[in-house]
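One line per chain: the protein sequences are A and B, in this order. Numbering of the first sequence is given in my numbering, commencing with residue 1 and proceeding in unit increments. Numbering of the second sequence is given in my numbering, commencing with residue 1 and proceeding in unit increments.
If you are wondering where the hints come from, they were derived from the structure by calculation, not from laboratory data. Ideal Cβ positions, reconstructed from N, Cα and C, are used throughout, including at glycine. A few of these clues could be false.
[Unchecked claim] Listed next, the in silico SDA-like pairs over lysine to any residue satisfying Cα-Cα at most 25 Å (straight line):
1) A:Lys323 x A:Trp199
2) B:Lys200 x A:Gln42
3) B:Lys54 x A:Trp142
4) B:Lys384 x A:Gln316
5) B:Lys200 x B:Arg289
[To be verified] Computed list of chain A residues with no C-beta within reach of chain B, every gap over 10 Å:
6) Val33
7) Arg36
8) Lys68
9) Ile125
10) His189
11) Pro271
12) Pro279
13) Trp322
14) Lys323
15) Val333
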Amino acid sequence: MDPTVTRVLAEASVKIALFFGVVLTVIAYMTWVERRVSAWIQDRRGPNRVGPFGLLQPLADGIKFLFKEAITPPHVYRPVYLLAPALIFIPALVTFSVVPIGPTMSLFGRRIPLLIADVDNGILIILAFASMGVYGVALAGWSSNNKYSLMGGLRSSAQLISYELAMGIAIVGVLMATGSLRLTDIVTHQITNGWNALWQLPGFLIFVTAAFAETNRLPFDLPEAETELVAGYHTEYSGMRFSMFYMAEYANMITASALATTLYLGGYHVPGLAALGLPENAAAIVQVLAFCLKVAMFLFVFVWVRWTLPRFRYDQLMNLGWKGLLPIALAHVLWVSFLVLGGRA
Amino acid sequence: MDDARAQPPSMRPVPPETEDALHGDTMVVNMGPSHPSTHGVLRLVLRLDGEVVKAVQPHVGYLHRGMEKIAEGMTYNQFVPYTDRLDYLAPLSNNVAYILAVEKLLAITVPPRARVIRVICCEIARISAHLLWLGTGALDLGAATVFFHTFRERETLYNLIESLTGGRLTTSYTRVGGLSRDLPAGWADRLGEFTRAFPKVLDELDSLLSRNRIWMNRTQGVGRISASDAIAMSLTGPNLRGSGVALDLRKTEPYSGYEAYEFDVPVGREGDAYDRYLVRLEEMRQSVRILDQALGRLPDGAIAVDDPKITLPKKERVLTSMEELIEQFMLVTEGIKGPLGEVYHAIEAPKGELGFYLKSEGDKSPYRLHIRSPSFISLQAVEKMAVGGLLSDLIAVVASLDPVMGEVDR
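Looking at chain A on its own, in the form it has when it is part of the complex (with noise of 0.2 Å):
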């Protein structure tokens, strides 16, 4: 084989196995802040036990779901109730890997981008994956016979592909500043021209909005809706199966962190650092931290609403959705348009 391709090779499957190392082992800490945080929120103590104030905690749920008996009902349909998990959990991870965390760092005398695939339609990527996930809740839910998954299911689609929308539009602002769907153009634009963010703040307030429906947390969590359809889609998921849904909730809550720190607050970009004149190497794991501070404050913020809000009604939702939210982003895009043909970006 051509040693180039080689090299290539072994940098990508370094960079995809770091990645998603970390990714997964995010996954499984928010859990553990998730619940901290909620004690925290309802003046309890949380998790505090497995480990140093209970950090072992993620460990032994693992451990525990693992070795749980994952029963499949007599009454599913088994090719898509074993399918659906994968397909929900897997395109929520995949997103990520067109995410830069980082500028490009000098390593082994060569230049490697901090991201794993530096695609030029990574918007498009991300879209498509985002609507993946809607077919794992809606196929769950379908193929589990029940019917609260059903209505989980059901509930899940209509509202995934209204709020989609919703972001789908105020993330054309972003693309029309920068004049490319590559992510590392969209930060290093930010970079040149200040965190959109600061002039897109609608647009920025839509996507977390839609951000929140999509990886349906409270108050957007109707497709589970704990107290009216016991446990939604994944009511009659058991064992891994069952984690494994969880897990793409969190893996989703990152990945759409990741994309409005990227799309909105610079991406790893800290402003005045170049001023400090550090290394480049040294400057790059500065930057990869911000990234991973901006993220953490999203995170957190997930966490915080989903602890402090009640839950939507599904007919408020689909009408915040569509004469709310949507209504906003084409004015919003609108207004983007005028700024960019006046030469604001």
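Add chain B to chain A, keeping to what the hints say.
Just chain B, lined up with the frame of chain A:
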């Protein structure tokens, strides 16, 4: 699943389906008796058209223990522990309600200290029951945090109840002619601390929900019932007052000296879930007012009548004096003999009018005991309130009616 099989044959026929090509088939969903938001073992059989509720049928009886029949074989005091298990969120006020009926039958007046302590008990029960309603109601609509905040406050109340009665849930505190024991030392001060701190917590809960846009959307205009309908269904308590009828037995038929306390009866205007929420929130504030007044006027003295036919004599006297020994023996072996006659007495329990009907034929046990429980009657309104709304509204309706199954199925 086969829809026809989900309907038990005993069910009265659901309204006939209209042919509707646009909306297609309806779906029968069996919600409960085991479901996260049916508050115990309420079972609702729903016919849904998509998310719209076309028909609701509440099924009760999963917690039936035959209490009214059991009472016919017990002495009057022996039945007190059974009343704990009626509305198990407010056992203290059930104890008081039952014992007041018995005392009405026996025509006894209890000493002033016992009367004030009973008022304190009723209001503690009201706060703790309303707190639980607020927590679970918010949880049903997705606001999980409120639940934990209310439980933190309930913990304080339960600790108070525990040191007062010896039990947290099964209080069995009242006795015919008075109370089982006096307030422990320092108890009144501890309650005073609670009444000082609690209004701030209420404001906190208020600020979390009352002006929250999602909460308002979920409860305003949901489960609306007019005053005349509410009266026709004999709703009582906050469910009736939410529709604007200021009926409160503490005002209209005062017992235990409620006429001497100053408090307001909050009423709603729309009769929707939001109004019932506001009414209960305000009732907790009024209960704090009553508690403060009661603590301020707590008299010294006996906590039970001094009548050997009704209350047990002092233990040291029983061991030294013949007369008291005989009195104790008679009371324990034969119980209190009720006079011929029948009475009905009701109090304003947290959920509404909790009444006990007693018929006595001169025996140690009632010939017949009937419990008029507010939750049982509230459940009638579910159908009227929920049909035509969405599935999510049904959850809000059931939560806002605040049924407790222990009291629905006696």
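Okay, the hints, checked on the actual structure:
1. A:Lys323 x A:Trp199: At roughly 23 Å apart (the allowed maximum being 25 Å), Trp199 (chain A) and Lys323 (chain A) satisfy the hint.
2. B:Lys200 x A:Gln42: Roughly 16 Å separates the two Cα atoms, so the pair holds.
3. B:Lys54 x A:Trp142: Holds. Lys54 (chain B) to Trp142 (chain A) sits at ~23 Å (cutoff 25 Å).
4. B:Lys384 x A:Gln316: Judged against 25 Å, a Cα distance of about 22 Å means the pair holds.
5. B:Lys200 x B:Arg289: Roughly 14 Å between the alpha carbons, so the hint for Lys200 (chain B) and Arg289 (chain B) holds.
6. Val33: Since the minimum Cβ distance to chain B is about 16 Å, Val33 (chain A) lies beyond 10 Å and the statement holds.
7. Arg36: holds (14 Å)
8. Lys68: holds (21 Å)
9. Ile125: About 33 Å separates Ile125 (chain A) from the closest Cβ of chain B, which puts it past 10 Å; holds.
10. His189: The assertion about His189 (chain A) holds, with a minimum of 36 Å to chain B.
11. Pro271: holds (35 Å)
12. Pro279: holds (47 Å)
13. Trp322: holds (16 Å)
14. Lys323: Holds: least Cβ distance 13 Å, greater than 10 Å.
15. Val333: Val333 (chain A) is indeed farther than 10 Å from all Cβ atoms of chain B, at 26 Å.
Checked against the numbered hints listed earlier, the structure breaks none of them; every hint is satisfied.
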